[in-house]
Amino acid sequence: MSALTDVEPLADATWRRSMEATTSELIGAGRALRDFLDGHDLGTRARYACELAFEELVSNVVHHAYDEGGPVEVTLVVDASTVTLTVIDSGRPFDPTAHQPPPAPADLDAAPIGGLGLTMVRRAVAAMRYARRDGINRTQVSLPTTD
Amino acid sequence: MSAADSAASDDSARLDLDTSGSVSRIVLAGRLDSAGVDALEIRFNAATVASGKAAIVDLSGVSFLASLGIRMLLTATKRMAASGRPLVLHGARGLVDEALRSMDLYRLIPHAANEQEALDLAEA
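Residue numbers (our numbering), protein chains in the order written: chain A, 1 to 147; chain B, 1 to 124.
In short, the hints are calculated from the structure, not lab data. The reader is advised that the hints may include incorrect statements.
[To be verified] Cross-link-like lysine to any residue pairs, in silico, SDA-like; alpha carbons within 20 Å at most:
#, chain 1, residue 1, chain 2, residue 2
1, B, K78, A, I113
2, B, K78, A, G114
3, B, K78, A, P112
[Stated by the list, open to error] With beta-carbon atoms standing in for the labels, derived distance ranges:
#, chain 1, residue 1, chain 2, residue 2, range
4, B, A124, A, A127, 40 to 48 Å
5, A, P105, B, S83, 19 to 27 Å
6, B, A113, A, A13, 37 to 45 Å
7, A, T14, B, K53, 46 to 54 Å
8, B, A50, A, P105, 20 to 28 Å
9, A, D41, B, G84, 46 to 54 Å
10, A, A80, B, E117, 41 to 49 Å
11, A, P105, B, E117, 22 to 30 Å
12, B, I42, A, P102, 25 to 33 Å
13, A, P112, B, A124, 22 to 30 Å
14, A, P112, B, I42, 19 to 27 Å
Virtual Cβ for every residue (Gly too), placed ideally from N, Cα, C.
For reference, chain A alone in the conformation it holds in the complex (with noise of 0.2 Å):
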């Protein structure tokens, strides 16, 4: 696959990974990302933001952003003080901030199946952004390194 953005040098808190949209591959990367977050001392709770927003950002783009398959690059970066984890892909434009917590429902029968991983990533995180560019997708979010 081609590159979605220039390969800049990474520093040692940098993770970054280019692959398919697929699950298998989300199921590789995932394991790669905990690896790499094993070597940073993270709150608890800011680890299992991190995660998430991870399981959930690049999910919504395997079933979602591409009808046949396509790429997708995930970079995170561990600072003194900041957790940034940024997802961008050249799928179909699909702003995650714009999208709003479903009404509860009143009761099981009622309830959707699908839906709530975005409104668990907005709960998780500190910061939502969103930009598209150039027929490209870039969402980001940032969570403080303790909890």
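With chain A's structure known, arrange chain B on it following the hints.
Then chain B, alone, in the frame of chain A:
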């Protein structure tokens, strides 16, 4: 997926099942994310929806819960409720318990404080 990716997994999803009583006892553990649900969903549905029994699900060993894991639990609960059989959760801890509470799932899926209360609810 590279060999290194596969070797890095040490928290994979697991399912244990006890069908000896009138209520199926299911123990889930590990990560209920894309990998976990991909690995367990067929067995979980067989143990719940297709079993013909009520079920209790112990989540005390679940370390991570993504929306796909919630979808798996919610789908089974809805399908079992449609045939008059309860699915009762118990044992969720820490951030997994917090996720279930914050997403209002405990209002929709029966849950209990411990295994005995879960069995009582399932048999009621």
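Okay, the hints, checked on the actual structure:
no., hint, in the structure
1, B:K78 - A:I113, "9 Å, holds"
2, B:K78 - A:G114, "13 Å, holds"
3, B:K78 - A:P112, "10 Å, holds"
4, B:A124 - A:A127: 40 to 48 Å, "45 Å, holds"
5, A:P105 - B:S83: 19 to 27 Å, "20 Å, holds"
6, B:A113 - A:A13: 37 to 45 Å, "41 Å, holds"
7, A:T14 - B:K53: 46 to 54 Å, "50 Å, holds"
8, B:A50 - A:P105: 20 to 28 Å, "25 Å, holds"
9, A:D41 - B:G84: 46 to 54 Å, "50 Å, holds"
10, A:A80 - B:E117: 41 to 49 Å, "45 Å, holds"
11, A:P105 - B:E117: 22 to 30 Å, "25 Å, holds"
12, B:I42 - A:P102: 25 to 33 Å, "27 Å, holds"
13, A:P112 - B:A124: 22 to 30 Å, "27 Å, holds"
14, A:P112 - B:I42: 19 to 27 Å, "22 Å, holds"
Of the numbered hints listed earlier, not one is contradicted by the structure.
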